[in-house]
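Listed in order, the protein sequences are those of chains A, B and C.
Residue numbering for the first sequence follows our numbering, starting at 1 and increasing by one per position.
Residue numbering for the second sequence follows our numbering, starting at 1 and increasing by one per position.
Residue numbering for the third sequence follows our numbering, starting at 1 and increasing by one per position.
Please note that the accuracy of each hint is not assured.
Unchecked claim - Here are the simulated SDA-like cross-link-like pairs (lysine to any residue), alpha carbons at most 25 Å apart as the crow flies:
1. C:K74 - C:E220
2. A:K65 - B:L146
3. B:K88 - A:A30
4. A:K188 - B:D22
5. A:K188 - B:N35
6. A:K188 - B:G18
7. B:K70 - A:E215
8. A:K31 - C:K133
9. A:K188 - B:K197
10. B:K109 - A:E215
11. A:K218 - B:L144
12. A:K218 - B:V16
13. A:K218 - B:K92
14. C:K76 - C:S198
15. A:K31 - C:G15
16. A:K191 - B:S21
17. B:K197 - B:H130
18. B:K70 - A:L111
19. C:K208 - C:K76
20. A:K31 - B:D22
21. A:K188 - A:E215
22. A:K218 - A:A105
23. C:K26 - C:L193
24. C:K9 - B:K197
25. B:K88 - A:Q56
26. B:K92 - B:L144
27. A:K65 - B:H130
28. C:K26 - C:S198
29. C:K208 - C:G167
30. A:K65 - B:N36
31. B:K109 - C:A53
32. A:K31 - C:Y80
33. A:K65 - A:A28
34. A:K188 - B:K19
35. C:K263 - C:Q108
36. A:K218 - B:L146
37. C:K133 - C:G95
I should point out that these hints are in silico values taken from the structure, not numbers from a laboratory.
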Amino acid sequence: MEYVSPEGLRLDGRRPMEMRQIRAEIGAVAKADGSAVFEMGNTKVIAAVYGPREVQNRSQQMNDKALVRCEYSMANFSTGDRMRKPKGDRRSTEISLVIRQTMEACILTHLMPRSQIDIFVQVLQADGGTRSACINAATLALADAGIPLRDLVTSCSSGYLNSTPLLDLNYVEDSAGGPDVTVGFLPKLDKVTLLQMDSKLPIDIFENVMQLAIEGCKAVANYIREILLENTKQLEYRRGL
Amino acid sequence: MEEAGREKEVVTPGEVLGKASDVRAGRGAYVAPHNNLVYASLTGFRRIVSPPPDSPDQDQRPTVEVTHHKAHGVIPEPGSVVLARVTKVMAKMASADIMCVGPKSVREKFTGIIRQQDVRATEIDKVDMHLSFRAGDIVRALVLSLGDARAYYLSTAQNELGVVSAESTSGATMVPISWTEMQCPLTAQIEHRKVAKVGG
Amino acid sequence: MVGLSLGEKHFIQGGIAQDLRSDGRKRLTYRPICVETGFIPQANGSARVRMGATNVISSVKAELGKPSSLQPDKGKVTIYVDCSPTAEPMFEGRGGDELSMELSVALQRCLLGGKSGAGAGIDLSSLIVVEGKICWDLYIDCLVISSDGNLLDALGAAIKAALSNTGIPRVNVAVGASGDQQPEVDISDEEFLQFDTSNIPVIVTLTKAGRHYIVDATSEEESQMNSAVSISVNRKGHICGLTKRGGAGLDPSIILDMISVAKHVSDQLINKLDSEIAAAEADEDES
């Protein structure tokens, strides 16, 4: 099947190096300490952060840093076929773990000992790249909650089909069986925190594909920064400063 | 027009605020050990605070802080005066739920304990816990320390600390008559508490 | 939340007694309702309803299936509610299951009627394609994103909005199928039948606090309630379902009074919802 036409257009009309349209909104859940909705094309994810608060399970309390917990769940209606079990299946558990490790690396946990930070991510619509959308939404929610971060973690995925590196795969391209590289990146510190790939790639092509994903992450980071700045200015304006 | 150096610049986490040799990292900022740069860790307005005049001469660096728009819930710190409701009274200590720190109420309750030796300043080994507190009393206490994993350590060993409000067995709010006694207005019954000195 | 102090409890109850609630509303006034339809493009119909800080999403998916042998002339509808942990940290893992079950069952009771399918708010016989062989199965999935009291009303409104946004594809049955064979069906991608939602009831929850009832309680007010009655009323003023929650007992005359108050309130609610849904659909068409 042709994923990249001879003119260089993908199935949804994008160029190979073009990301899908991103949209983000802060403060969707009023009750949470921080929350955000993040959309990458048709993938829509909502993240809510509760914390820092007292540890619920005393046995897990850590005396020198905060406990970070994460739960990833997909809504019943998020995929094309209705899902039976929204949470607790293997894929959800694995993605919860991945998000937790990524966010834990960038939260300054030593500033909040003996406390707990809960990150809940809910997928409303899945169209490829859910992992990346979740990490981006979690970063926005953490920044909204005022939890000290080393840097904004952003994430983007890229792949290699029809001998072309492609940025930001959607569901159809993802299920094509080609390689799928997901990168989590700290833009200001210029460091990679998450790197996952499936299928196989020769090393020199892998470098190109990873570099492309990193460029995607930088673009997402600029957008997230703008949203945060805009939000802060709005709030200060409403307070009359 | 800006005396304390307040600037209206908004920063996001990860942005460089300066070199560690030039500025000190305050709230909302941190120093990266490998390259000695100060980065922001919160989203908000950046403020530079000049160093206090009494700091040592070599350390006259201004402090840079980032203030977030959301105020976090208060957390009890050692030395702060808190209002707590007594939940359990035992032979050697009383446990209480901390509800307010200073004038602000907390987002979720913290547990504190008042040990027998911290109830008052004099004759600390002759204290009878049941004549000092009852379950349900509201006490004003001072946080001594973060305590152990289970609870903060509180102290009422000052005149202004102790029971502020209590209900008698008949259900009415009692009136304090001395520093060890409170009287019920309905039944005129006197009950023993470690009473706080309120007002002048 | 640390819990309400005695003073706060008196304040809320006193305010309700004087017809002035904490956010300035009267006892029988709803919070501003905001409806967005077509929220989930992949589903046959979807809607998102916001009542104050309560935020719920509802989606309808239609699949072809076989009708049950007891009711060969009716389609099937399944309602499922999921409480997302984003609404409440205690909903993570299995924590939200109890509340989800309670809401699902209450919604089924209010909208689908009894076991025989009689008296259902949704007309199931319009879902049949070939009698006895093929019918539409509607899966209504709701997700609670943010909860600030009055979940049942918001879910009922979301289901109503999602159903009015639902387009069921037209099915062409191949002529000539006979006997026990499964007929060939051709699902058209182009033509859609809009679902008829004029008879779908709305749910009005009346919370009794002290001696008065309030409509659309926030979670603070709900924590004060003695008991609550949720009544589903349709446009004609008929009662389609009733659920009572809370431990306090209610005098039968009070229940009758609550039912009449609910009928009165439901008129305004149905009108308000219909206008919001129409506005939302108009917005969706434009964009």
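Verification of the hints:
1. C:K74 - C:E220: violated, 42 Å
2. A:K65 - B:L146: holds, 15 Å
3. B:K88 - A:A30: Roughly 35 Å separates the two Cα atoms, so the pair is violated.
4. A:K188 - B:D22: holds, 20 Å
5. A:K188 - B:N35: Holds: K188 of chain A and N35 of chain B sit about 13 Å apart, inside 25 Å.
6. A:K188 - B:G18: holds, 14 Å
7. B:K70 - A:E215: Status violated; Cα separation ~32 Å.
8. A:K31 - C:K133: Cα-Cα ~48 Å, so violated.
9. A:K188 - B:K197: violated, 55 Å
10. B:K109 - A:E215: It is violated: about 45 Å lies between the C-alpha atoms, which goes past 25 Å.
11. A:K218 - B:L144: violated, 48 Å
12. A:K218 - B:V16: holds, 17 Å
13. A:K218 - B:K92: At roughly 60 Å apart (the allowed maximum being 25 Å), K92 of chain B and K218 of chain A break the hint.
14. C:K76 - C:S198: holds, 19 Å
15. A:K31 - C:G15: holds, 24 Å
16. A:K191 - B:S21: holds, 24 Å
17. B:K197 - B:H130: holds, 20 Å
18. B:K70 - A:L111: Holds: K70 of chain B and L111 of chain A sit about 17 Å apart, inside 25 Å.
19. C:K208 - C:K76: Judged against 25 Å, a Cα distance of about 35 Å means the pair is violated.
20. A:K31 - B:D22: Not OK: K31 of chain A and D22 of chain B at ~40 Å, beyond 25 Å, violated.
21. A:K188 - A:E215: holds, 13 Å
22. A:K218 - A:A105: holds, 18 Å
23. C:K26 - C:L193: violated, 40 Å
24. C:K9 - B:K197: violated, 28 Å
25. B:K88 - A:Q56: holds, 21 Å
26. B:K92 - B:L144: holds, 17 Å
27. A:K65 - B:H130: Roughly 38 Å between the alpha carbons, so the hint for K65 of chain A and H130 of chain B is violated.
28. C:K26 - C:S198: violated, 28 Å
29. C:K208 - C:G167: violated, 39 Å
30. A:K65 - B:N36: Holds - the C-alpha atoms of N36 of chain B and K65 of chain A are around 23 Å apart, at most 25 Å.
31. B:K109 - C:A53: Holds. K109 of chain B to A53 of chain C sits at ~24 Å (cutoff 25 Å).
32. A:K31 - C:Y80: holds, 24 Å
33. A:K65 - A:A28: violated, 28 Å
34. A:K188 - B:K19: With Cα atoms ~15 Å apart, K188 of chain A and K19 of chain B stay inside 25 Å; holds.
35. C:K263 - C:Q108: holds, 20 Å
36. A:K218 - B:L146: violated, 42 Å
37. C:K133 - C:G95: violated, 39 Å
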